[in-house]
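Asker: Below are the chains, spelled out letter by letter.
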Amino acid sequence: MTPFTRVEGRAYVLPQINVDTDLIIPAEYLKTIRRSGLGRHAFDVLRQTPGNVFDDPVNRGAPILIAGENFGCGSSREHAAWALFDLGIRAVIAPSFSDIFASNAFKNGIVAVELDRACVDALFLCARQHTVCVDLERMSVTCGTGDPASFTMDPFRRECLLAGLDQIALTLTHEPAIRDHEIRIGI
Amino acid sequence: MSQSPRTLYEKIWDAHVVARRDDGTCLIYIDRHLVHEVTSPQAFEGLRMAGRTVRRPDLTLAVADHNLPTTARVDRSGARIPIADPASREQLAALEDNVAAFGVPYIDANAAEQGIVHVVGPEQGFTLPGTTVVCGDSHTAAHGALGALAFGIGTSEVEHVLATQTLMMKPSPTLEIRVDGTLGFGVTPKDLILAIIGRIGAAGGSGHVIEYRGSTFAEMSVEGRLTCANMSIEAGARSGLIAPDDKTFAYLRGRPMAPRGQDWLRAVEQWRLLATDDGARFDRSIWIDASEIAPTVTWGTSPEDVAPITGIVPHPHSFDSQAKSDAARRALEYMGVQAGQRLQDIAIEHVFIGSCTNGRIEDLRAAAEVLKGRKLGQGIKQAIVVPGSGLVKRQAEAEALDRIFIDAGFEWREPGCSMCLAMNPDKVPPGERCASTSNRNFVGRQGPGARTHLMSPPMAAAAAVTGRLTDVRDLVGYDAAKAAA
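Here the protein sequences come in this chain order: U and F. Take 167 as the starting number for the first sequence in this note's numbering and just add one per residue. Take 0 as the starting number for the second sequence in this note's numbering and just add one per residue.
No lab work stands behind these hints: they were computed from the structure. A hint or two may mislead.
[Stated by the list, open to error] Derived, one-sided and incomplete: chain F residues facing chain U with beta-carbon distance under 10 angstroms: (1) G45; (2) G197; (3) E233; (4) R329; (5) E396; (6) A399; (7) M422.
Keep in mind the model is a prediction, meaning the values are calculated, not measured. Every residue, glycine too, gets a C-beta built ideally from N, C-alpha and C.
Build the full structure now, drawing on both the sequences and the hints.
Answerer: Shown next, in the form of structure tokens:
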């Protein structure tokens, strides 16, 4: 996994609730057997509207996305996280996330930052003019020259993100305990 | 030894903890892993790159469902017809290569047992009470209907389970949804779960494990429970549990992968302990009176956008937040409906009966009951029935349900995910409208620009007959039925 410490840059502003993973990447593009290359199809439907935020030249290569509540709801497709990563997004900020999306993002080194609704509403305005900085070491989000907003994150996830740990290798250190469990339940 | 009262979820969780970290993160053992063609290729590729193997192929079962066309799969000579779409064909080939290379049991695309992964698991007895079940698919929640702790995972977690048979996770808070009373005439488990999602919202169960309790679920068939648990994810919950009971055991007995003989008796004895103890605490609880539920449909682009069929499309300004009003405004525009419009005045062009939510034999029986002796209404361009598995299809044919559907004007298809999601040839054309028994009405879910109204199988059948959203109770004579009762 790619380690994550801090990212700063432009942010795509998407002030919608319930942004589902079908909207992030439609099923048509799930036929790939690779992880890469999905960025150009990310938010396919929204990008059909002229002047959309994703094709705005000032946002080219923006590493941050700011959205409304329940971001990433619906399908468990990790293609949504791969598409965002491929688009260059390293942090998503929203008042809340679907569990599966948050987990998928984490596994791909994308930080899902939960801030309260008022903070996110303020960011929707600020980020149109200024760059945003997400700092995982300090657990803070800063927009322009404003005061940093602090966020919390599961300590295990934070540790893994900062170090870019290979989760499977970590789990395999528990192999004796896994074997013991199998013996205990007789399988 | 006395122990404090525990919920069903806590009992299953406790029995699967392999290791625990100081911060509360646990390594949880996974008893059953279902694999399909869409979310597994990158996971197998990851194993290859790291030189890893599948730790327990014997606890893994693979079947293709999302990509498969639902038209004939073999020609007259019995030879397999290749999938026309090269990308879909490649994905199916990748699954077949991977299961062969890693020794994973696989149900062939042309086997009678092939079907939607969440129909196949319970049907084969692969899913058992008290087990942990995962699949790279959010509707894995369905298996919770049998008292299994079942949840959808992403592809990285699929790879993690293939390699280690475990997952790292934290325990979830619990949400009790208690429903008591009898569902009214024409009201099905699908209407109940849509009404529940409408009540608590698309994020109402986020982070929680739901346990469905109360007399309504106790009286409900296992098929109906599967429909409800299946849609737990549409309320944001990863899992939805229903305690196993005699109905569960009767459903599972004799299934190919269920225990047999003495093992069966021992298993049932253990499964009977899988109930929430008296006095166990849930983090949240809600209560619903089943008699208040009407046949329910969606009007918007989130499964929380529901209304009783007797109702109207809501006004965007009637919502309690600006964000929700904005979402409703966008939904109305996409759906091509007007605020205040009667739901029963909305005309449809397509009907889809099937999916992991409503593709089981009971669903097909309920739809056929409505369609018997009736025909597709004016304006219906396409109506398809897609059984959830080959075994469901075979059973339906044995009951001559296929004749009822075909006589009414439906197409009788091969099993698969079909029109539930637009990644096989079954799609709703842009701007056209579908009465669908599936689980998601998201923008573009059934095809770019497609407009979806979610509902029960009898309601979809009623819409097929009239060509518009219809109260099935009116069509089949609610008053007459009430008088007879």
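Asker: It remains to establish, for every hint, whether it holds in the given structure.
Answerer: Do the hints match the structure? See the list:
1. G45: holds (8 angstroms)
2. G197: Since the shortest Cβ distance to chain U is 14 angstroms, the answer is violated.
3. E233: holds (8 angstroms)
4. R329: holds (7 angstroms)
5. E396: violated (29 angstroms)
6. A399: violated (34 angstroms)
7. M422: holds (4 angstroms)
Violated hints for the displayed structure, listed by number in ascending order: 2, 5, 6.
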